[in-house]
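K.L.:
Chain residues, written in single-letter form:
Number of protein chains: 2
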Amino acid sequence: MKKNIFYAQSGGVTPVINATAAGLIDGYKSKKTNFGKFYVGLNGIAGALNEELIDIKNEKVSELNKLKHTPGGAFGSCRIKLKDSHKNQEEFNRIAEVFKAHNIGYFFYNGGGDSQDTTLKLSSFFKKSNLDIKCIGLPKTIDNDLPITENCPGFGTVAKYIATSTYEASLDVKSMSNSSTKVFLLEVMGRHAGWIAAAAGVLKSSTNAFPHIILFPERVFNEKAFLKKVSDSVKKDAYCVVVTSEGIKYSNNEFVSAGTSRDSFGHAHLGGVAPKLSQMIQNKLKLKVHWAVSDYLQRASRHIGSSVDVKQAYEIGKKSINYAKNGITDVMVTIKKGKTKAYGWEIGYTNLKNVANKEKVMPNSFISKDGFGITNPCKKYILNLIKGEDYPPFKNGVPDYAQLELKTIKKKLKKFKV
Amino acid sequence: MKKNIFYAQSGGVTPVINATAAGLIDGYKSKKTNFGKFYVGLNGIAGALNEELIDIKNEKVSELNKLKHTPGGAFGSCRIKLKDSHKNQEEFNRIAEVFKAHNIGYFFYNGGGDSQDTTLKLSSFFKKSNLDIKCIGLPKTIDNDLPITENCPGFGTVAKYIATSTYEASLDVKSMSNSSTKVFLLEVMGRHAGWIAAAAGVLKSSTNAFPHIILFPERVFNEKAFLKKVSDSVKKDAYCVVVTSEGIKYSNNEFVSAGTSRDSFGHAHLGGVAPKLSQMIQNKLKLKVHWAVSDYLQRASRHIGSSVDVKQAYEIGKKSINYAKNGITDVMVTIKKGKTKAYGWEIGYTNLKNVANKEKVMPNSFISKDGFGITNPCKKYILNLIKGEDYPPFKNGVPDYAQLELKTIKKKLKKFKV
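Order-wise, the sequence lines are chains L and S. Counting from 1, position 294 in the first sequence corresponds to residue 278 in this note's numbering; the numbering is continuous, with no gaps. Counting from 1, position 244 in the second sequence corresponds to residue 228 in this note's numbering; the numbering is continuous, with no gaps.
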């Protein structure tokens, strides 16, 4: 009896994680003789723990075909980090039990650094338990912070969105600056790595002054230097555009977004770097500021997909079916630089040990000397990843995204109690 | 000697205000025998006060051709409201003097309610001063709050952006809700009218639960009812999506965004409704919240232009040249409902007196009974305005927007001192 596949989505989702699912499903369909059923865990690894499995043959093909252009995690994601198996025997046993009950021979886990760690732990446990389950990690993170892989699927589309949105908002504040707003601040994601903020830097050229300032978590935030740069930019260009990573910190390692102020009930004010910086500029420089926080809008921005990004995400899924068929296990699929001089890429893989729980921040050579911009090599790196427009189809004025049924199959085991 | 045109952009800009400029320029070019030169005021009416005029023949045709798809105000806008002429003789005299010096016979002012008021005041003053200058107001506002006109150019594109972005972020939070974020809040523009927030309402259907809550400035904000609705939505669907207008107020007429808290220097915390509501939900309901503030990103969102909106903005400019040629004055150009049963529209005009300084809020029939959603007639109204995708061309991964020189012509008068 052929072994079944178990796939799940994990961690913060991306605009193209479903493109990886689409590639995996298409790969499976083209190699169907090698595999049994294709199950997806509802809400990531929780689907394994709770024995909530979706058989993709129960989903409408027309909706599955939309996965390639649908943002979010179509099968539900999770923020569950498994503890080490010796501290957490119960959960590991349960997953093994569920996988045995459903004849799972292939485990594909689609996530970031934490999820690769989960995959590695499960793989070790399966081996110790004499279970033959191939374990393959599929990369995904808008933060672009996984090591080994040349870049991470999800980042290219978010980078394209941030560059485009910063361009547009810069034109807006520029046109208002003569008698109104002088500064525009955009807060983007990135707690430890400044890749997303860096994406706005591709706009700067001999004809564009913006963005005047990019703030990276890789650099200590210096209020004085920052305010001087804002003031200088407004003096020179009449306006100033700032793109800030959410995770910037002071030299004492405190987040700039961390509020010490309290409301009348004693509750701490919520973070948000953009309003904090805005307050700083208005108080100290007396300049009118507008600010935006892109949050999930950036992370789900599939309406302005990068063609390269969508292709890479899809191919990662498709290729990994081949790897599984060939018995490869304990790896994370990667994007490798092609051998040609122009930007080219191919799919490869690396041992899970090389990527689990590791984080790739921006190299020093990618951040400009003053710490407020990107260098040419960084610009080139990002421009390659935002090439081409992959638009979703629209229906009634809004994108036509997949709507899955997500009906789970009949359970074989008793309920799991955590 | 043929009279010259003076055009200027005013107030908060929109993603399609330059499409109106493009229509005007194209109209002028096709009727060139009737007019002299085509001047644009740099930074709105400030260009008239400071005698800073741009002759469009000095701009590259290739860049002018990009205006139709370029957001922001390409010629600079302004936030200047002229006082009544009897209180402000100096400014009115100066504008008349500049217009005489440059043989202006046509004044086109592209703005919202305040700008129509400026146009009306100037027109009256010109008449009193025996100056034959035709004055035509061109509508523009993402707020959709001008009366008489069926809708306002700029709104359709912003509505499309808000509906699309809310859709995408809803899929994101839905996929995270099982073990992480339960509520997503999006703050959109709209101080007095809830049109933009209403746009997200088109997503709700038999298959989509989101957005669960829309907050309108037209309805008093009731914290208790709001929190109950959030809690009920999370109980029912596992997650909740809220779209809020920036201008919502408590029953005591205080803005929800107005902070009473102070930082250590005694400075007031800046507004932002989304972080306020987020805090409320986290403190009272103990639910994990993500929030975004779209600010200029929405107002400049030309990368996802509504075809209807772009067409209307362009035709308003083009048609107004005909009106000017025919000697029509003291009007604002409008969009009228067509006579066919399907959605159709045509360009018309109304006397400036009917629109100056007036605001159209959402009618009661467009807001659902519980105050948290839109009705079917409202949905139909908005769906008509977000139809079709008008994408800008892209270059190197980002939109290829117009870059004008904005060189002003030689001055004929002395410097104006305000």
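Take the hints with a grain of salt, since some may be wrong.
Remember, identical chains collapse to one label, so a pair may be satisfied in a single copy or spanning two.
[As the list claims (entries may be wrong)] Pairs of lysine-lysine residues, derived as DSS-like cross-links and limited to a Cα-Cα distance of at most 30 Å, are as follows:
| id | residue 1 | residue 2 |
| --- | --- | --- |
| 1 | 337 | 323 |
| 2 | 379 | 50 |
| 3 | 379 | 295 |
| 4 | 233 | 321 |
| 5 | 65 | 220 |
| 6 | 395 | 220 |
| 7 | 398 | 65 |
| 8 | 13 | 44 |
These are computed hints drawn from the structure, not numbers from a lab.
K.L.:
Would you mind marking each hint as holding or not holding in the structure?
P.N.:
How the hints compare with the structure:
no.	hint	in the structure
1	337 x 323	within (26 Å within a copy, 68 Å between copies)
2	379 x 50	both (13 Å within a copy, 27 Å between copies)
3	379 x 295	both (23 Å within a copy, 19 Å between copies)
4	233 x 321	neither (33 Å within a copy, 54 Å between copies)
5	65 x 220	between (49 Å within a copy, 26 Å between copies)
6	395 x 220	between (67 Å within a copy, 24 Å between copies)
7	398 x 65	within (23 Å within a copy, 72 Å between copies)
8	13 x 44	within (14 Å within a copy, 54 Å between copies)
The structure does not agree with numbered hint 4 stated previously, though it agrees with all others.
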